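So the sequence lines, in the order shown, correspond to chains C and L.
Numbering that gives the first Met the number 0 applies: residue 0 is where the first sequence begins, and numbers increase by one.
Numbering that gives the first Met the number 0 applies: residue 0 is where the second sequence begins, and numbers increase by one.
Keep in mind the hints are simulated off the structure, nothing from the lab.
Hints should not be assumed to be uniformly reliable.
It does not matter which identical chain is used: a pair holds within one copy or between any two.
[Stated by the list, open to error] In the PhoX-like style, the derived pairs of lysine-lysine whose C-alpha atoms are separated by at most 25 Å in a straight line are:
1) K104 to K312
2) K210 to K246
3) K83 to K312
4) K164 to K108
5) K108 to K178
6) K318 to K35
7) K40 to K104
8) K184 to K108
9) K252 to K164
10) K312 to K178
11) K62 to K178
12) K184 to K62
13) K62 to K185
14) K318 to K178
15) K108 to K318
16) K62 to K246
17) K35 to K24
A quick note: this is a predicted structure, and the numbers were derived from the prediction, not measured.
Protein chains: 2
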Amino acid sequence: MGGDHAPEMVVAGAEIALKRLPHLKFLMFGDEARLKPLLAKYPALEAVSEVRHASQEVSMEDKPSVALRQRRDSSMRLAINAVKEGDAQGVVSAGNTGALMAMAKFVLKTVRGIDRPAIATYMPTQRGETVMLDLGANIECDENNLVQFALMGEVFTRILFGLEKPSVGLLNVGIEELKGNESVKKAAAILRDIDLPIRFEGFVEGDDLAKGTVDVIVTDGFTGNVALKTAEGTARLLVHFLRETFKSSFFAKLGYLLARRSLQRFRDRMDPRRYNGAMLLGLNGIAVKSHGGTDALGFSNAIGVCHDLIVNKLNDSIKNELAAFEQAMSGMENAETEVAVPVVQAD
Amino acid sequence: MGGDHAPEMVVAGAEIALKRLPHLKFLMFGDEARLKPLLAKYPALEAVSEVRHASQEVSMEDKPSVALRQRRDSSMRLAINAVKEGDAQGVVSAGNTGALMAMAKFVLKTVRGIDRPAIATYMPTQRGETVMLDLGANIECDENNLVQFALMGEVFTRILFGLEKPSVGLLNVGIEELKGNESVKKAAAILRDIDLPIRFEGFVEGDDLAKGTVDVIVTDGFTGNVALKTAEGTARLLVHFLRETFKSSFFAKLGYLLARRSLQRFRDRMDPRRYNGAMLLGLNGIAVKSHGGTDALGFSNAIGVCHDLIVNKLNDSIKNELAAFEQAMSGMENAETEVAVPVVQAD
């Protein structure tokens with residue numbers, strides 16, 4: 000029931016996803032009276048779907064705390080509960096992000112070793128695609144949060160893009176000496192020294208996002224949220240300028256007509272629907288957030304992301320990574336103690 | 000001597016600026032042996048310029064602290080000293096930003112009432128142009144820093160664009176309840192309650208930068224630096240995609256040729272040289288930072304920004320604004336005390 004065009008968009012999105020991934024099965028949570036007639040339009044989808052009635056909805060205006068306490072019979076909450084109970088292997092929602100995060104964290108709990116979950120998504124770059132996290136779940140992050148984001152983001156990227164060894168960068172600013180706050184500096188030190196097969200490339204800056212300098216960009220939720228929205232806004236601004244350009248003269252209009260098919264591919268390449276599906280990482284369960292304003296095609300992509308993460312056992316990989324990380328960290332602590340001795344003696 | 004193409008670019012930039020602003024006079028700091036022959040190529044410029052020899056240069060790799068201690072006879076330092084001594088009314092440099100900030104702060108000192116200077120620039124938006132600050136001078140900011148940035152940014156924007164009452168927004172994230180760190184929340188409370196004729200519009204998000212929702216966007220130096228570079232990177236990405244698009248087929252190439260003149264205007268509109276000239280706000284003196292990689296045209300725009308700020312007495316306006324702010328703040332504190340009384344009595 001979440002998103003601007005639900006539930007029609009959600010059902011139509013599931014239909015598209017089913018055509019691509021015919022082994023999918025759906026639990027649809029929401030107003031039975033609205034969902035059943037909708038599903039009846041798609042017999043193939045109807046055959047693999049089970050409708051479960053929810054008496055409530057989470058609105059886009061509900062505060063997370065309110066949603067958590069007062070929307071216990073909402074479509075969002077019941078869908079998350081289904082993941083917890085093992086009825087579903089993952090949940091996809093186009094609803095209120097803050098509420099989804101709060102409910103998912105409350106119901107599914109964070110993976111052992113992860114203090115806070117993070118939101119991750121991927122964006123187009125000059126070299127392909129780059130994953131960025133956190134996008135707003137955590138306003139203030141310490142070095143441990145950032146290191147955990149790096150580990151989770153690396154696993155997520157490996158699975159999503161089938162990369163063997165994605166490169167990881169920490170988002171920072173470019174002015175020497177002023178470089179970075181304490182969390183960023185400390186996180187970089189840990190990631191540099193740690194004995195893990197993670198390809199840490201050090202600091203990256205805002206423009207490395209679009210360059211695709213690294214496969215994974217790690218940052219706090221405040222900066223990540225601003226960077227993501229700045230990139231989206233700038234892309235829209237250029238498309239707006241471009242549209243005005245092609246309307247500005249007779250020759251420009253004619254030029255547009257001739258280049259139209261190529262320009263359509265340009266638009267397709269930037270199509271936000273292609274990049275729809277932000278992941279809530281670090282929970283005991285797969286939860287994917289679709290843009291609220293997306294359409295059926297965009298929603299089907301979010302379902303596709305959810306599917307890939309389930310099939311590739313994202314959470315098992317994250318748990319393995321964390322176990323290796325803990326081992327490496329205890330190794331580092333021992334190493335530090337050993338190194339400290341001669342320094343003290345030299346004094 | 001600063002920037003990728005100095006000193007040729009700087010001298011050629013001054014020549015362009017002089018054509019636009021014939022009343023300008025220049026003090027040129029740097030290697031006399033290189034500057035004098037260059038100036039000889041531009042007799043009109045030579046007639047209004049005085050070369051002052053500097054035996055050192057600040058390199059792009061110099062750390063600010065090193066530049067401060069060991070580059071006391073650099074072109075950058077001598078140029079800043081000239082502002083301090085009243086020989087020049089403003090300084091423009093394409094050199095190392097961190098060094099420029101450190102030297103300018105050390106030599107010129109901050110205006111009374113300003114704890115930390117900030118870097119501000121302006122960017123193209125759907126509605127015209129928007130000023131953003133801080134862009135990297137201050138990695139961590141408290142609410143007082145942000146409020147001071149708002150006051151300085153408002154004055155800067157009023158002068159730069161001749162706006163009577165520019166609107167001001169605080170950059171924040173969009174997820175309700177998680178909204179913002181403490182500094183941002185407290186700064187918003189102060190700006191909302193303060194009795195000043197400042198048009199504070201509350202929180203804005205990353206995409207409001209390109210939308211031009213407000214005239215001034217206030218943020219800490221970490222977020223501002225990332226946002227600025229993300230916007231620049233995204234703009235370059237789209238231009239890159241567009242270039243590929245127009246090469247992708249015969250019809251696309253033909254379309255490009257027809258629309259070329261309009262597309263040139265599109266490029267002009269986005270031209271970073273138009274937006275060259277970041278201001279170091281809050282110092283007892285006008286200091287403008289040009290992009291290091293700019294050309295003569297870009298550098299002439301930075302000189303133009305410097306000129307406008309001098310002519311319009313930026314620093315006097317900032318001082319007046321601060322005096323009014325201090326008065327308003329003491330008013331607020333009194334008001335709070337008065338309000339507190341009945342609450343205590345009611346208890």
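Item to complete: Of all the hints given earlier, name the ones this structure violates by number, lowest first.
Response: Numbers 4, 6, 7, 8, 9, 10, 14 and 16, in rising order.
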